[in-house]
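Protein chains in written order, with the working numbering: chain A, 1 to 103; chain B, 1 to 468.
Hints were generated in silico from the structure; no laboratory data involved. Please note that the accuracy of each hint is not assured.
[As the list claims (entries may be wrong)] Taking beta-carbon pairs under 8 Å as the criterion, some of the chain A residues facing chain B (in silico):
1) P6
2) M7
3) L17
4) F18
5) R28
6) M36
7) L38
8) A59
The beta-carbon is built from N, C-alpha and C at its ideal position, and this holds for glycine as well.
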Amino acid sequence: MMASIPMEYGLLLAGTLFALGLIGVLVRRNIVFILMSLEIMLNATGLAFVTAGARWAQADGQVMYLFILSMAAAEVAVGLALVLKLRSQFKTLDADAASRMHG
Amino acid sequence: MIAIAAVSVALMLVIAFHRGARVVLVCALIGIALAFAMLPVAASRAPRQITPLLILDQYALFYLGLLFIASFAVALLAQGYLGKLGGQLEEFYLMLLLATAGGAALVMSAHFASFFLGLEILSVSLYVLIAYPRRSARGVEAGIKYLILAAASAAFLLFGMALIYAELGTMEFGRMASGMAGRDVRWELLLTGQAMILVGVGFKLAVAPFHVWAPDVYEGAPAPVTAFIATVSKGAIFALLVRYFANLGDEVFQQFFPEIAAIAIASMFVGNLLAIAQINVKRILAYSSIAHMGYLLVAFLAGGSLGATAVAFYLVAYFVTNLVAFGVVTVLSSRREADELEDYRGLFWRRPWLATTFLAALLSLGGIPLTAGFMGKFYILMAGVRSALWFLAIILSVNTMISFYYYLRVAFMMFRDAPEGEAAPVAAPSLSFVGGAALAVLTLLLVWIGVYPGPLVQTIRSMVAGLR
Numbered sequence: 001m002m003a004s005i006p007m008e009y010g011l012l013l014a015g016t017l018f019a020l021g022l023i024g025v026l027v028r029r030n031i032v033f034i035l036m037s038l039e040i041m042l043n044a045t046g047l048a049f050v051t052a053g054a055r056w057a058q059a060d061g062q063v064m065y066l067f068i069l070s071m072a073a074a075e076v077a078v079g080l081a082l083v084l085k086l087r088s089q090f091k092t093l094d095a096d097a098a099s100r101m102h103g
Numbered sequence: 001m002i003a004i005a006a007v008s009v010a011l012m013l014v015i016a017f018h019r020g021a022r023v024v025l026v027c028a029l030i031g032i033a034l035a036f037a038m039l040p041v042a043a044s045r046a047p048r049q050i051t052p053l054l055i056l057d058q059y060a061l062f063y064l065g066l067l068f069i070a071s072f073a074v075a076l077l078a079q080g081y082l083g084k085l086g087g088q089l090e091e092f093y094l095m096l097l098l099a100t101a102g103g104a105a106l107v108m109s110a111h112f113a114s115f116f117l118g119l120e121i122l123s124v125s126l127y128v129l130i131a132y133p134r135r136s137a138r139g140v141e142a143g144i145k146y147l148i149l150a151a152a153s154a155a156f157l158l159f160g161m162a163l164i165y166a167e168l169g170t171m172e173f174g175r176m177a178s179g180m181a182g183r184d185v186r187w188e189l190l191l192t193g194q195a196m197i198l199v200g201v202g203f204k205l206a207v208a209p210f211h212v213w214a215p216d217v218y219e220g221a222p223a224p225v226t227a228f229i230a231t232v233s234k235g236a237i238f239a240l241l242v243r244y245f246a247n248l249g250d251e252v253f254q255q256f257f258p259e260i261a262a263i264a265i266a267s268m269f270v271g272n273l274l275a276i277a278q279i280n281v282k283r284i285l286a287y288s289s290i291a292h293m294g295y296l297l298v299a300f301l302a303g304g305s306l307g308a309t310a311v312a313f314y315l316v317a318y319f320v321t322n323l324v325a326f327g328v329v330t331v332l333s334s335r336r337e338a339d340e341l342e343d344y345r346g347l348f349w350r351r352p353w354l355a356t357t358f359l360a361a362l363l364s365l366g367g368i369p370l371t372a373g374f375m376g377k378f379y380i381l382m383a384g385v386r387s388a389l390w391f392l393a394i395i396l397s398v399n400t401m402i403s404f405y406y407y408l409r410v411a412f413m414m415f416r417d418a419p420e421g422e423a424a425p426v427a428a429p430s431l432s433f434v435g436g437a438a439l440a441v442l443t444l445l446l447v448w449i450g451v452y453p454g455p456l457v458q459t460i461r462s463m464v465a466g467l468r
């Protein structure tokens, strides 16, 4: 059997990716990049699930990853549709432009 | 659940063959009614576990009924509203049904996978619903805001689940407590996971400090959709939260007591104080719903069967009241959303019945006796006092006082003289027959629960007894 990587490393990597994605969501102003950062966050959680599943030698983690994958695809589909509408209405991809409501 | 999923598939086929809003609406209503009619059948076999993912017990059945009634009402209210909007309307009902199916999965879920899937079915349909009016810039803006925040919160939720799974090796709610007791587990990992789940759920419930999206989304979304977000989406998640913590047991609950209490207090104050400054009725209702989630958290913290009873009762009252309030906003909206406070000036003299209905809803939100809201608050306070949460109970009372101010401000606006010289700001809103009937029934329900809560309390008691 191969020497396995400890679970902590996997979780640490997933956590780092998650933080990077979160920073991207908060810092980026271009809506397409925000969506990409969201994808990074979701994939980080997928990695965490697979790592956790590997620890218990169960398939559940990978099943969850498939769920996450399909959900992320659905979300991006709707997200990109909204991006198109945003583009045609505000003539920009800047997320700050879409802030007409305040209070 | 299966019924509603089947109906949404059938609906897709119907739309493919025959585009007609009326046909689709009728199909959707029949579908929801059918699902509702299935409940007694299911009740005779409850409680039962449907695969490890879902559990169908009295508790789930009660909330299923509540969700179905609410989405039925939303569909009725949306009918008149959408007619004025123009464009292709059929998919609206489809999305509404799918979102309801997601909510139904949430209240039945007993596993992280179904928790996550239900939540996502609900939110992805909501993104579409929020941005549904194609020409409205506010709708797109609200949709994008909701999408980004909801996706981020889903990621938080998932990461929390992954951490807990990594530590406990199970994703079933029922087995977690034993998993925690059995071995010496690393609490830091577990608590980080729980905290991340709380953040994710907090976003969905729009409790402070995760509430920033709520006013914008409430304002930008079409009024019936706002009603849906306020009731079905939040109610389903709250029901899930109660079940989740009931399964986890006291130890975890105690760990998070201070945090949840802080969230509850912050929500109450943020919601009520910020609502005072608003001039947009939908934003006022948004902030008030943030405050209401705070009240609900007080009942949640009280715990025990009394706490669960209070939560269920308050949710029923909150559902009915919000449906009435947003229903009136829906009915008044024509080409434009009727959500400025000025739109309501002198409403009582123009549309006395509608104004009376809205008044009832406002009083119920504030918690005046003889309305559903009062009984709900009463039960929460009772649960709080019974569990000796004096501090929270006092803050709740103080906040109720604050909330009277802005509810009554809207109410006074309706009794002012209509502005002179110009035509009524909202061009004679057309009250569709079904929408009007739905509003009337809901208002009667609102008063009936307030005056005579006995039967409902009995139902809820027997339901809570089944919850582990």
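Quiz prompt | Hint status (Cβ of A:P6 to nearest Cβ of chain B, threshold 8 Å) | solution = Violated: closest Cβ of chain B sits about 12 Å from A:P6, beyond 8 Å.
Self-check item: chain B contact restraint on A:F18 - CB to CB distance below 8 Å
Solution: At about 6 Å, which falls below the 8 Å cut-off, the nearest Cβ of chain B leaves the hint on A:F18 intact, so it holds.
Quiz item: Hey, does the A:L17 contact hint survive, CB to chain B under 8 Å?
Solution: violated, 10 Å
Quiz item: Holds or violated: is the Cβ of A:L38 closer than 8 Å to a Cβ in chain B?
Solution: Cβ of A:L38 sits 5 Å from chain B, so the hint holds.
Exercise. Let me know if the C-beta of A:R28 comes in closer than 8 Å to any C-beta of chain B, holds or violated.
Key: At 11 Å from the nearest chain B Cβ, A:R28 fails the 8 Å test, so the hint is violated.
Quiz item: Given A:M7 was flagged as interface, is its beta-carbon under 8 Å from a beta-carbon of chain B?
Solution: Holds: closest Cβ of chain B sits about 6 Å from A:M7, inside 8 Å.
Quiz item: Are A:M36 and chain B close enough, Cβ to Cβ, to be under 8 Å, as the hint says?
Solution: violated, 12 Å
Quiz prompt | Hint status (Cβ of A:A59 to nearest Cβ of chain B, threshold 8 Å) | solution = Interface hint status for A:A59: violated (12 Å vs cutoff 8 Å).
Checked against the numbered hints given earlier, this structure breaks hints 1, 3, 5, 6, 8; the rest are met.
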